[in-house]
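Participant: If you want the building blocks of each chain, they are given just below.
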Amino acid sequence: MSDATALDYGFFSFASKDEVLEKSKEYWNPGKTSFWSEAGVPLVIDRREEYFIYDVSGKRLIDVHLNGGTYNLGHRNPEMVQAITVAMQHFDMGNHHFPSLARTALAEALIKSAPANLTKVIYGSGGGEAIDIAIKTARHTTQKRKILSIIKAYHGHTGLAVGTGDDRFSKLFLSDQPEDFPHVPFNDLEAMDEALKGRDIAAVIMETIPATYGFPLPNPGYLEAVKTLCEKYDALYIADEVQTGLMRTGEMWGITKHGIEPDILVTGKGISGGMYPIAAVLVSERCAGWLTEDGFGHISTFGGAELGCIAALKALEVCGRPETRSMVHYISDFIGKGLQQIQATYPDWFIGIRQNGVVMGLEFAHPQGAKFVMKRLYENGVWAIFSTLDPRVLQYKPGILVKPELAEELLDRTEVGIAKALADVRALDRKSR
Amino acid sequence: MVETMFEMPLEPAGVPRGRAMLERADWAARAFASYDSATVQRIVEAAAAAGAARAHEFAEWAVRETGYGVAEHKLIKNLACSTGIAERYRASDYIDVVIDSDSKIVSVPRPAGVVLALTPSTNPVATVYFKILLALLTRNAVVISPHPYAKQVCAEAARTMAAAAVAAGAPDGCIQVVDEPSIPLINALMTDTRTDVILATGGSPMVRAAYRSGNPAIGVGPGNVPVLVDSSADITAAAQRIVESKAFDNSILCTNESVLIVEESAAAALITALTRAGAHVLTDDERDKVRDLVFPEGHFDPQWVGKDATVIASAAGVRVNPRTKILVAPFDLVVPEEPLAHEKLCPVLGLVRVPTAARGIDAAAAVLRIAGQGHSAAIHSTNPQTIMAFSAAVRVLRVAVNVGNSLGSSGLETNLAPSMTIGTGFFGRSAVGENLEPKHLINWTRVAYNSDASVRMADMSGINPWRVPQGAVPAYPRASNEDQTITAHTPVSVRADGPPDELRDEIRRLIIEELNAIVRG
Ligand SMILES: Cc1ncc(COP(=O)(O)O)c(C=O)c1O
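First to last, the sequence lines map onto chains A and B.
Each residue of the first sequence is one higher than the one before, starting from 1 at the first, in my numbering.
Each residue of the second sequence is one higher than the one before, starting from 434 at the first, in my numbering.
Chain A extracted, bound-state conformation (with noise of 0.2 angstroms):
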């Protein structure tokens, strides 16, 4: 960089990290740029390495939020960025039409990686996009429209999986589609059954662990009720482990830890290495008519695109190690032991530890808690977000490569952000009293 606080990048450069939030309002996205420097996390991401992101001023935080466990395996992962940089050599992303060396050897990878009855694979460029193509071949399969989703579940933005959504996101674009996409509370079995015996449901789409919600858990016996209620009454179970998958949960995907064979199940964001998007679905045979039936059925241009496949098949190479496995248990147990010493010390603020491997959300006393506590954890060196359909419950995501050091300094951050909320809080209560 020619002078000091110049951001001279040489595909492009700015004057100073102002001038970036202010193009960034005049370009590209007002509202979100003012959100995050409202919220206090006014982040501009420079350089990123291991599980560290840096703010173009320098600030290091350490990154458990890795976007939803895009960042899984850590930032610019020296072995994903050695794979698709000596792939480069030699592919690009590839035609879609064709029969491909690389998306055959990654369906190959994936299917061996899965529970026994999925059989065949559907690429997508993003999870959205994979959403949706679950939700077009269980409607193909079923020959039913109806989508059953979770209260304030989350799968995507794309055109059906938005209707799977919070209606704040389809509202918005008049994209609302209640007749085709009906919800129910989360953990109520009951409403469950209700709305399946009409036996109209295509399929019910469960995310293993809803992240966007704030991790709340599935009661023991919850999910394996509800893939029951589903055979039933002949409604497919889409298995959304975008954010539970690949190893997160200890396992490479967390619903085996149900012993649940769903028909389909999403990948995407890890999968992806952090470093080229693609997301993938998994069909069993019995959903895989259309792939035969009109192979054309769903084209996605950049869907499958080579180098994404060699990318997913190096995460997910890295992933299923056993030595990866064993480290993710270990990390799940010392942090969930350091976050419970942590809560013991304020038990009347930080009041709850969802976890299941090194998914985690943390549950505070206060309606916007997650907020208070992200934005004193970004000052202490550490970025985790609030989660968009329960503020009280801050998503805390370390990676699944974390090493024993950084484990500890993570905790240690974390204890001195959570105090300091807890003392904002605090504040805010007597000012209003």
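Source of the hints: derived by calculation from the structure; they are not laboratory data.
Only a predicted model underlies this, so the values are computations on that prediction, with no experimental measurement involved.
Do not take every clue at face value.
What the hints assert, rightly or not - Where chain B lies over chain A, by a calculated footprint (3+ residues, C-beta under 8 angstroms):
(1) 79-93
(2) 197-207
(3) 321-331
(4) 345-356
(5) 397-406
As the list claims (entries may be wrong) - Straight line, CA to CA, 16 angstroms or less: simulated EDC-like cross-link-like pairs of lysine to aspartate or glutamate:
(6) A:K420 to A:D348
(7) A:K152 to A:D167
(8) A:K25 to A:D8
(9) A:K152 to A:D188
(10) A:K403 to B:D625
(11) A:K403 to B:D629
All C-beta atoms in this analysis are idealised placements derived from N, C-alpha and C, irrespective of residue type, glycine included.
Take the given structure of chain A and dock chain B with the ligand to it, following the hints.
Facilitator: Using the frame of chain A, we list chain B with the ligand on its own:
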């Protein structure tokens, strides 16, 4: 680097896997470092018993896989390095805090962390067992990188101990083994900052690389063992011991005798006794044939490592009695250009006659100038002056007296620490000059009080900083709203004082059976 169709080389797949092993070992080592001594004791006994139970099978497998050595001798080593090591260190304590109220110093043992253990093809399973047990005794995690010639048996041996250790409560991943060792992988492991100490047993280039790695390393150099027999020695006993030692595992221990130096006045009697003990003393003509075979162009041909004496004789065109255990090759002068003065990992023993014991000491020093500094030497003598003069002159760190050197300097038939790793110290450009033992894998935190008498030392007796692990380590990640009292992975419970009775009896029976077989065989 792997050749692919791409211009840019890809790292061999094993390299990232190896790094992942170190990462996992790092977690395991941290967990292990706070274990209490009773639990560790139980883990060590369980791993040792599991190793002993398959000692015979692995001895034969090692001979099959590497093509050298003697299975029944390997069995002895495998037992010595499993239950033998557990037994030897049962009373030792590398875990509990030591309080010295006189010096007002409390010492807290601290494990190294992640041990990278490179193991040789010559003592494959024994060294794997040995290094694993040393690591377990000291609460270290260990990653084994076996010699490629013995990779299969070593991997299975390591996994056998690992499974038993984890079942007895050891942290998951505290024992790992590389399946496909390669030079790039070993380099990556040696230079990785997660490696806390390297235990390098093997060839010199590998040992030097370990020292260059930037990580703490305990490496050992090669041996080239001179053995002096003076006129005061019990000649018959000396001959028997030397033949047995040279024949042991067909000379593939680095402690095997290389050059026998005999005082002229005892030479004739010794040669007769050697022959009676199973040696074939070569004529000059036969010696030349064997030398040309074993040292073509003057360099040792590794295809003869650990081969039977009769196989070597017949390949050289020398007729010997089929029960011949070793070949003795007389030569005149210990100088570098004499191939027979170099290390021979096969049952060929050089023989040099000297006019006096003093000249014998010079010859022994000459053997060590060629190779083997810091390693070991042997002497058969009853003269304390000679033994002392010999010991103070030869540049080695262990001198075995009136015992075969193979098992003498490795501590199996002396009271040195029984070891598959012989520290060659400063003479041999190594960090450790003793036989490797558990104490080399820990440091001590010294808690030192103000020495002024007015500052009182607090009573720390009874304070134990270590903890008994509760359940599997790490705990299986169950959802936090599940009933955590039901542990999914309950460790097999083993009694604190060793493996369960039935298992112990079974092992004892197996060992006795195997030993009987040796005696009969
Ligand atoms: C569970 C889940 N499913 C699907 C998606 C949609 O993925 P994408 O943003 O790649 O379209 C997300 C994104 O946050 C998600 O969390």
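Participant: Which numbered hints does this structure break?
Facilitator: 2 and 8
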